[in-house]
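Participant: Can you build the whole structure from these sequences, using the hints too?
2 protein chains.
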Amino acid sequence: MELALLYSGGKDSSLAALLLDEFYDVRLVTAHFGVTDDFQHAREAAAELGFPFETVTLDESVAEDAVEQMVDDGFPRNGIQRVHDHALETVAALAVDAIADGSRRDDRVPTVSRAAAQSLEDRHSVDYIAPLSGFGRHAVDDLVAANLAVETGPSETVPKADYEGELRAILADRHGDDAVDEVFPDHEQTYVHGRR
Amino acid sequence: MELALLYSGGKDSSLAALLLDEFYDVRLVTAHFGVTDDFQHAREAAAELGFPFETVTLDESVAEDAVEQMVDDGFPRNGIQRVHDHALETVAALAVDAIADGSRRDDRVPTVSRAAAQSLEDRHSVDYIAPLSGFGRHAVDDLVAANLAVETGPSETVPKADYEGELRAILADRHGDDAVDEVFPDHEQTYVHGRR
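Line by line, the protein sequences are chains A and B. Just so we're aligned, residue 1 is where the first sequence starts under full-length UniProt numbering, counting upward by one. Just so we're aligned, residue 1 is where the second sequence starts under full-length UniProt numbering, counting upward by one.
Please keep in mind that the hints were generated in silico from the structure rather than gathered at the bench. Note that CB positions come from ideal geometry on N, CA and C, so glycine has one too. Be aware that one or more of the hints could be misleading.
Said to hold, decoys possible - Residues from chain B that keep clear of chain A, each with C-beta distances beyond 12 Å, as calculated:
1. Asp37
2. Gln40
3. Glu44
4. Glu48
5. Phe53
6. Val56
7. Val62
8. Arg82
9. Glu89
10. Thr90
11. Leu94
12. Val158
13. Ala169
14. His187
15. Glu188
As the list claims (entries may be wrong) - Partial selection, computed: residues in chain A whose CB lies under 8 Å from chain B:
16. Met1
17. Leu19
18. Phe23
Facilitator: See below:
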């Protein structure tokens, strides 16, 4: 069974790939807006893990709307959710049996409710799988430590290919660097360098 | 890492075992009240899958309370949830790093909310993992078909070791066979005979 996993090069989506590897033909798919070439980091991480890799291009107007929403809100949550929903719709249109992402039980954003999952599945005749949604933060940390070689640091310095890099770039371009600091709190990002 | 998986011999908990096998030292644990010897079916299914097996004994008063609740309700849902909660508490007291069950995204009962999961984890210093909670019914069916040899039939005839058999026995003993038919709707059960 062919499965497309939304992939950022970070620890969560990398661990999701390992969990599914035994049961599906997993390909790692990075969704991007064509704004930066951050997706190259995900390509390298995918190669280090030994998975096939491809990209899908998202609609840039979704990024622009998401950025305006983040500025209005003063926090990134709703904007990131909007982009993730759009990315899932885009990946669901690929010719695969199943799609997946790295969302965890304890994530606040992005989230995919049971109703949203079933709607995605029904409309696209595809299974939506969230392999980490039954794992809490501590279990994920243990599994990452045991199975992945990880680089950790602040969002600005660790190479990664989730939407945040492109959304930050659009935000800086439209509203200046201060707006980026206002919208995005400091937090740790991770980047994966292969299996342990 | 040592993991105890609540095990019935059915397809869901068997598939959960396969999903976790690569990442944990999985033992299959059947919780029972000592009312019937149905747990022997789970022991055989565990042996056919090649996992270590053990049992834990539950508090029979929980089964009795659950049965009375089912009779009062006219349906089994709340009683089964009560027994499952008690079983998780019991397994969480074992000397393991993690506990797990076979609950799925689309299950109506038993369910373990995020808050309940975190409470269980905090009180017992254990991870609670629901490996199938990110999989919908269709994805589970596909994975079962690809990975497990399964016998399917009505609840009364397929050997299985979930709580239902013992709860039916207590219910019949206290309220007669008609009460069993009133409380438990007809539904298909599954029993696993090894891997494919």
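Participant: With a cut-off of 8 Å on the beta carbons, see whether Phe23(A) makes it to chain B.
Facilitator: Hint holds; Phe23(A) Cβ to chain B Cβ min 6 Å, cut 8 Å.
Participant: Grab the minimum C-beta distance from Met1(A) to chain B and call the hint holds if it beats 8 Å, violated otherwise.
Facilitator: Holds, about 6 Å.
Participant: Compute the least Cβ-Cβ separation between Arg82(B) and chain A, then decide whether it is above 12 Å.
Facilitator: Non-interface label on Arg82(B) holds, nearest chain A Cβ at 22 Å vs cutoff 12 Å.
Participant: Report holds if the minimum CB distance from Glu188(B) to chain A is greater than 12 Å, and violated otherwise.
Facilitator: At roughly 21 Å from the nearest Cβ of chain A, Glu188(B) sits farther out than 12 Å, so the non-interface label holds.
Participant: Over 12 Å to the closest beta carbon of chain A is the bar; see if Glu89(B) clears it.
Facilitator: 17 Å, holds
Participant: For Glu48(B), which was marked as not at the interface, is the minimum beta-carbon distance to chain A over 12 Å?
Facilitator: 19 Å, holds
Participant: Quick one: work out the minimum CB distance from Ala169(B) to chain A and report holds if it exceeds 12 Å, violated otherwise.
Facilitator: At about 31 Å from chain A, Ala169(B) clears the 12 Å cut-off, so the statement holds.
Participant: Holds or violated: is the Cβ of Val158(B) farther than 12 Å from all Cβ atoms of chain A?
Facilitator: 25 Å, holds
Participant: Take a quick look at Glu44(B) and tell me if its Cβ sits farther than 12 Å from every Cβ on chain A, holds or violated.
Facilitator: 24 Å, holds
Participant: Minimum C-beta separation from Thr90(B) to chain A exceeding 12 Å: can you confirm that?
Facilitator: 20 Å, holds
Participant: Hey, does Leu94(B) actually stay past 12 Å from chain A on C-beta?
Facilitator: Given a closest Cβ separation of 16 Å, the condition holds.
Participant: Quick check on the hint: Leu19(A) CB to chain B CB, less than 8 Å?
Facilitator: Cβ of Leu19(A) sits 7 Å from chain B, so the hint holds.
Going through the hint list in order, the structure satisfies each hint without exception.
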